[in-house]
Amino acid sequence: MPWLKQLIRAALEGDKRARYKLLGVAAALALVAAFFLSGSGSTSTNNKLVSLSQPTNSGANKLPATGIWVHIVGAIQNPGVYSMPSGARVFELVAAAGGYTKNADQSSVNLARNLTDGEQITVLAKGASLDSPAKSSTISLNSASEATLETLPGVGPKLAARIIDWRDANSGFKKIEDLRHVGGIGDKLFAAIKDMVSL
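Going by our numbering, the first residue of the sequence shown is number 1, and it counts up by one from there.
Take these hints with a grain of salt, some might be off.
[What the hints assert, rightly or not] Straight-line C-alpha distance at most 25 Å; calculated DMTMM-like pairs for lysine to aspartate or glutamate:
hint, residue 1, residue 2
1, K174, D187
2, K102, E177
3, K194, D105
4, K126, D105
5, K194, D168
6, K158, E146
7, K188, E146
8, K126, D195
9, K158, E177
10, K158, D178
11, K188, E177
12, K102, D165
13, K174, D195
14, K174, D105
15, K175, D187
16, K188, D178
17, K158, D195
18, K158, E119
19, K174, E146
20, K102, D178
21, K175, D165
22, K21, D105
23, K174, E119
24, K194, E177
25, K188, D165
26, K194, D178
27, K175, E146
28, K175, D195
29, K102, E146
30, K158, D168
31, K126, E146
32, K158, D117
33, K194, E146
34, K194, D165
[As the list claims (entries may be wrong)] Ranges between beta-carbon positions, derived for each pair:
hint, residue 1, residue 2, range
35, S140, G183, 14 to 24 Å
36, G98, I164, 19 to 29 Å
37, R9, D165, 42 to 52 Å
38, W69, F190, 20 to 30 Å
39, S107, L29, 18 to 28 Å
Everything labelled a hint here was simulated from the structure, so no lab data went into it. Virtual Cβ for every residue (Gly too), placed ideally from N, Cα, C.
Start from the sequences, fold in the hints, and give me the full structure.
As structure tokens, this is what we get:
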């Protein structure tokens, strides 16, 4: 495949865009291989790719001794907690979570990096950026852009726009609990994001 050779050559010459494209190709191939090796498109503990939408205390999703748990959030199709084999890389987690959303900044994560047990991977939306290190763990409700708000789990473009509309109409958020007044934010979503935001 001449185009693949050209892509590899460009990546080796230092072309960042070519590197990202090459990683994307690798991720797609890994996903296809995982699909065919598993014999079906469903995820299971046998595949070591288990997405947990809700915490569980049952033994059904026990992780093999050689595996790790990793949390992926942000601009990803199926954010959640996944079990992965030890030594797995970020691109494999992205593939397991269904890939990027349309507004994802694919360069915001290092796809080639090894995963570690218990870590959280955040895929930023285009135009979004993390704050300074001291504030990187929270997003400001009163200053964040729509793109930045979309990095919160469960917050898409429409909900991010409603948050900004409420902020503009009410001269900003006075307390975190004001998020409950935004249409589309129920108790479950509020509980999931309240510790990720600040005023």
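For the pair supplied as a hint, K158 and E119, confirm whether the alpha-carbon distance does not exceed 25 Å. Violated, because 29 Å separates the two Cα atoms, which is more than 25 Å.
K175 paired with D187 [C-alpha distance capped at 25 Å]: Distance of about 16 Å is within 25 Å: holds.
Taking the beta carbons of S107 and L29, is their distance inside 18 to 28 Å? Given about 20 Å between the Cβ atoms, the range holds.
Beta-carbon spacing of W69 to F190 - inside the hinted bounds 20 to 30 Å or not: Distance hint for W69, F190 holds at roughly 25 Å.
Are the Cα positions of K174 and D105 separated by 25 Å at most? Answer violated: K174 to D105 is near 31 Å, above 25 Å.
Verify the proposed pairing of K188 with E146, using a straight-line Cα cut of 25 Å. 21 Å, holds
Just to be careful, I want the Cα atoms of K158 and E177 compared with a cutoff of 25 Å; is the pair within it? 20 Å, holds
Hint check: K194 vs D105, CA-CA at most 25 Å. Holds or violated? 24 Å, holds
19 to 29 Å as the expected CB spacing between I164 and G98, which holds or is violated: The hinted range 19 to 29 Å holds for G98 and I164, with Cβ atoms some 27 Å apart.
Is K102 within 25 Å of D165, Cα to Cα? It holds: about 23 Å lies between the C-alpha atoms, which stays within 25 Å.
Proposed proximity, E177 with K194 (alpha carbon, max 25 Å): 8 Å, holds
Within 25 Å, alpha carbon to alpha carbon, are K158 and D168? 15 Å, holds
In terms of the numbered hints stated before, the structure departs from hints 2, 14, 18, 20, 23 and 32, listed from lowest to highest.
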